[in-house]
Amino acid sequence: MEPYPALHIHNVSVRFGQVQALQNVSFDLEPGRTLAIVGPNGAGKSTIVKVALGLITPDQGHAAIFGHDAGDRPDRIGYVPQLKTFDRTFPANAEEVVVTGLRRAWPARVTGVEARLAHEALEAVGAGHLAGRSLSHLSGGELQRIYLARALVRRPSLVLLDEPATGVDFLGEHDLYDLLERYQKLSGAAVAMVTHDLTAARFHADLVAVVNRELYAYGPPEEVLTDESLKQAYGHRGHGHRVLVL
Amino acid sequence: MQELLDLFSYAFMQRALLGGLAVAVMAGLVGTFVVQRGLSFLGDGLAHASFGGLALGALIGAFSAGTDLLQQPLLIAVPFTVAVALGIAFVRDRTGLASDSVIGVFFAVAAALAVLFISIIPAERSTVNVESLLFGSILAVGRTDLTVILVTAAVTVATMLLLWPRLAYATFDSELARTDGVKTRQLEYVLFVVSALVVVVSAQMVGVILLAAYLVIPAAAARLVARSLITMTLLAIAAGVVSTLGGLVLSWAFNVPSGSVIILSQAVLFVLAAVFRRS
Numbered sequence: 009m010e011p012y013p014a015l016h017i018h019n020v021s022v023r024f025g026q027v028q029a030l031q032n033v034s035f036d037l038e039p040g041r042t043l044a045i046v047g048p049n050g051a052g053k054s055t056i057v058k059v060a061l062g063l064i065t066p067d068q069g070h071a072a073i074f075g076h077d078a079g080d081r082p083d084r085i086g087y088v089p090q091l092k093t094f095d096r097t098f099p100a101n102a103e104e105v106v107v108t109g110l111r112r113a114w115p116a117r118v119t120g121v122e123a124r125l126a127h128e129a130l131e132a133v134g135a136g137h138l139a140g141r142s143l144s145h146l147s148g149g150e151l152q153r154i155y156l157a158r159a160l161v162r163r164p165s166l167v168l169l170d171e172p173a174t175g176v177d178f179l180g181e182h183d184l185y186d187l188l189e190r191y192q193k194l195s196g197a198a199v200a201m202v203t204h205d206l207t208a209a210r211f212h213a214d215l216v217a218v219v220n221r222e223l224y225a226y227g228p229p230e231e232v233l234t235d236e237s238l239k240q241a242y243g244h245r246g247h248g249h250r251v252l253v254l
Numbered sequence: 002m003q004e005l006l007d008l009f010s011y012a013f014m015q016r017a018l019l020g021g022l023a024v025a026v027m028a029g030l031v032g033t034f035v036v037q038r039g040l041s042f043l044g045d046g047l048a049h050a051s052f053g054g055l056a057l058g059a060l061i062g063a064f065s066a067g068t069d070l071l072q073q074p075l076l077i078a079v080p081f082t083v084a085v086a087l088g089i090a091f092v093r094d095r096t097g098l099a100s101d102s103v104i105g106v107f108f109a110v111a112a113a114l115a116v117l118f119i120s121i122i123p124a125e126r127s128t129v130n131v132e133s134l135l136f137g138s139i140l141a142v143g144r145t146d147l148t149v150i151l152v153t154a155a156v157t158v159a160t161m162l163l164l165w166p167r168l169a170y171a172t173f174d175s176e177l178a179r180t181d182g183v184k185t186r187q188l189e190y191v192l193f194v195v196s197a198l199v200v201v202v203s204a205q206m207v208g209v210i211l212l213a214a215y216l217v218i219p220a221a222a223a224r225l226v227a228r229s230l231i232t233m234t235l236l237a238i239a240a241g242v243v244s245t246l247g248g249l250v251l252s253w254a255f256n257v258p259s260g261s262v263i264i265l266s267q268a269v270l271f272v273l274a275a276v277f278r279r280s
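Chains A and B, in that order, are what the protein sequence lines are. As numbered in this note's numbering, residues 9 to 254 make up the first sequence, in order. As numbered in this note's numbering, residues 2 to 280 make up the second sequence, in order.
Since the hints were derived computationally from the structure, they do not count as laboratory data. Small disclaimer: the values here were computed from a predicted structure and weren't measured.
Sample of chain B residues facing chain A (criterion: CB under 7 Å; computed from the structure):
#1 Arg167
#2 Thr180
#3 Gly182
#4 Arg228
Covered stretches of chain B, as calculated for chain A (at least 3 residues, CB under 8 Å):
#5 169-177
#6 230-238
Far from chain B, some chain A residues (derived; all Cβ distances over 12 Å):
#7 Asp36
#8 Glu131
#9 Glu181
#10 Asp235
The beta-carbon is built from N, C-alpha and C at its ideal position, and this holds for glycine as well.
This is chain A alone, in the form it adopts within the complex (with noise of 0.2 Å):
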């Protein structure tokens, strides 16, 4: 049993210059439980993980992981970022990129038991046939697959996805999520994940975090996806968002 929440972000405030991103964010999220952050773009949400994750340091307040400093455990963390434009050329293949979830390295040579280890991740996101692949012939699904089994493969305890459904297809999303949901009974780890999608926040989180640099709402999804907390983080219902009629 973990004394420690597996993610804790007390009294958090990020500036960026004249822009207050974050202000004064507080949450715990405890072992086996499913958070999903969400609220409109250039809400903060993302810098929430990048907080967590020690990437950026808060002006205020401060995140910790288990009870140790953001960015003091990454081997207890699996981080899905955002699927962006990287260089595609980059000589690589799928199982390298893998690798460096085990090693936080890069692999000059890869080794029998990482190779077998990348490979049972790999499979297990429905991606084993593209091990040998180059990046430049991998699809936006594809890499998203590829960046998951990375996330994975160390059996993290704290999972970290940063609008991890971008790019994929419905299908590919529904698996996604289902992948997620079937490594956490497994593992007992926490999950948090960003997303734009309120039914995905809805159907495959069991608590949600309403963000527009404040902490708007934070709960179940039954209870925090109202109107009314909707309406004050987005401003009004829709906003260009999935907003569904609870």
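Starting from the structure of chain A, add chain B where the hints point.
Okay, now just chain B, sitting in the frame of chain A:
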């Protein structure tokens, strides 16, 4: 064949060969990251910084007659070029400007300083051969030069082997590497410093103008055909070694400048790589 063996029986050719191979290995190791990070212009910027540093060294030497130590321009050029490399990294971090813009500023300032320093040196005290600085002469590498190159090569190879896994990770995805505790910014500073060392000790061999090519062409050719970063690194080293050997032999056979033949040999390898590039 015997003629070729005879060629390398000369001490000056042995020094040229050893020095050239050392530069090829260093440039291949460092150039892989320079090219993969889109910093190819860094080689030009640092080459001109080394020109400024060598000119400053010559200026100080001209006014320090009798002080043997200060008669070695490289002793001034090394810290000068390293300072410029750190300056480029620092200004880029602080201003958020693109690398090529910052390198362009330092490039121009270093070249201007070089011209200024050389113009100040009184003609009767001048030991500077501008043509030699610009175009280099691999066949004129002396014992001291070779020692400096070999020591720098040993330091560079040890540093790059030690940092390769983390540098490669940071080059692939800087944010991901940072989440795993890799000090990406410090690593980049080290890469800039090592690049400066490679450039400044190589300047006298291939010259300021052709020097950036040593850092970029073998690695760029390797990138076209390699399927992994380690293969790219090894191929970049191999391309540098082959072009150095080939360039030395061809320059002797046709009695043409060795530096330019080495670079042209690299260009031939680049064209071949472009033709047979990976799909």
